[in-house]
Amino acid sequence: MQHDGTATTTHPGKGDGDPRLPLREKVGYGIGDFGFNLYWANISAFLLIFYTDVMGLAAAAVGTMLLVTKIFDAVTDPLMGALADRTSTRWGRFRPWMLWGALPLAVAGVLTWTVPGLEGGGRLLWAYATFSLMMLAYTVLAMPYSALSGVMTADSQQRTTLISFRFIAAFAGTTVVNWLTLDLVRWLGRGDEALGWQLTLGLYGLVAIACFATVFLSTRERIEPPRQAQRTPVRQDLLDLLHNRPWLVLFALALIIMVTIVMRSGSLVYFLKYHVERPELTGAFLGSYSIALAIGAASTPLLTRFADKKRLLAWLMAGVGVLSCAMYFVPRDAIGALLVLNFAIGLLLGPKSPLAFSMYADCADYTEWKTGRRATAMTFAAATFSQKLGGALASALIAWGLAAMGYVANQAQSDASRLGIVLLLTVVPGVVALLAAWVMRFYPLDDPALARIQSDLRARREAAA
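Per my numbering: the sequence shown = residues 1 to 465.
To be clear, the hints were calculated from the coordinates, so they are not data collected in a lab. Because the structure is a prediction, the values reported are computed rather than measured. Don't be surprised by glycine CBs; every beta carbon is placed ideally from N, CA and C. Check each hint, because a few of them may be wrong.
Unchecked claim - List time: in silico SDA-like cross-link candidates among lysine to any residue, alpha-carbon distance up to 25 Å: (1) K273 x M55; (2) K273 x G336; (3) K70 x A396; (4) K70 x V27; (5) K370 x A298; (6) K70 x K273.
Claimed, not checked - Derived DEER-like restraints, expressed as beta-carbon distance ranges: (7) R305 x G117: 19 to 29 Å; (8) T114 x V408: 17 to 27 Å; (9) A284 x T114: 40 to 50 Å; (10) R222 x R452: 20 to 30 Å; (11) I335 x K370: 16 to 26 Å; (12) W315 x L238: 51 to 61 Å; (13) A464 x I71: 38 to 48 Å; (14) S455 x L248: 16 to 26 Å; (15) G117 x R222: 48 to 58 Å; (16) L239 x V408: 40 to 50 Å; (17) P448 x A412: 56 to 66 Å.
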């Protein structure tokens, strides 16, 4: 949908004082996701191959482990969201968690990428325990961090800009991980791959701690929930979400899109190592892909001036689907064509995260508009759970697919195994992306609807004041 240039269309919510956030605050908030992606990008691109090729675990067992641990996350995500919504300190509800959770995540990350002196089932149990611990520590930080963007400004366009800064930093972190991790493992390990992974994650942990401290020091919380919202039980927060149609659509959409993203990044390492037989290209492919994601994220505020978030996201995911399927037909020795297609897919996927997270903040407004209650962190917590579930499902599908096709770690693959690896990178995520484009048609919050909601909320707050 084209904007007509008026404030009510381009900037729903404009009018709450000065809605424009200072540049230093946008940058400070965004740096937090650089820290998160030192972990998330490792999980997406390298955790599966670390488990199969370094720790020596069976692919099928790893796939099951990654999915089963999401049951644990199904409980911790909304609980953390409820806890953050009910936190009250002189620094705000969400900012203090940036300090409280940073060190536990750093320690858990090192333990997850540690090869224990155990055999067989003992190593698998270690993987279950440490990965669950790391994801719990990740949740303690990620829920308040995501919710923070929903209370820094009420302006929808400013939220989109703020979250674009977040994902520019996120993709910068992903670029660092994708381009440097394997080299860091070699340099720091000096021939001991297991030690190299430990030290690399320790280094990333120190950088992440500095990033989270920056978020705490540079941001402000400006939007307070209605007073009665914090007296409602957690069950009421969940019921509000289940009656929030925009959020339900985004829950399904986040799961579907994350399957696309993680399946592509997780299978690309196998694709280059076993199909193209050029593992040394991993850094170039993943690094250029991350740069494309960052460029796409940076372009989001400009794109939303010409098309509303709903229509824009649908067209982007349709493009991802078409290009991913086209990649299936490219010969494995056509490295240039593979690089270009992979880069183009990254450009189209880049705006997805800023758009989706801006929409989650809009969903929190929608709940307050409909019910008079606001549970910002719970809105983001349940949505983030769907993303983590989608990521785990994608990793599990890769692992199960490899096992079904006869994958054997660190050996030449059969024709069936190689075909499976190619499909996991191209056609399968392509079809899933097309499904995401179709789901987007059910999202009801276009720009005029958001303008009406923000106008009503502003009037209520002025009356309450």
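Status of each hint after checking the structure:
no.: 1; hint: K273 x M55; in the structure: holds (18 Å)
no.: 2; hint: K273 x G336; in the structure: holds (17 Å)
no.: 3; hint: K70 x A396; in the structure: holds (11 Å)
no.: 4; hint: K70 x V27; in the structure: violated (31 Å)
no.: 5; hint: K370 x A298; in the structure: violated (32 Å)
no.: 6; hint: K70 x K273; in the structure: violated (28 Å)
no.: 7; hint: R305 x G117: 19 to 29 Å; in the structure: violated (57 Å)
no.: 8; hint: T114 x V408: 17 to 27 Å; in the structure: holds (24 Å)
no.: 9; hint: A284 x T114: 40 to 50 Å; in the structure: violated (28 Å)
no.: 10; hint: R222 x R452: 20 to 30 Å; in the structure: holds (22 Å)
no.: 11; hint: I335 x K370: 16 to 26 Å; in the structure: violated (52 Å)
no.: 12; hint: W315 x L238: 51 to 61 Å; in the structure: violated (32 Å)
no.: 13; hint: A464 x I71: 38 to 48 Å; in the structure: holds (41 Å)
no.: 14; hint: S455 x L248: 16 to 26 Å; in the structure: holds (24 Å)
no.: 15; hint: G117 x R222: 48 to 58 Å; in the structure: holds (51 Å)
no.: 16; hint: L239 x V408: 40 to 50 Å; in the structure: holds (49 Å)
no.: 17; hint: P448 x A412: 56 to 66 Å; in the structure: holds (58 Å)
This entry does not satisfy hints 4, 5, 6, 7, 9, 11, 12, going by the numbered hints stated previously.
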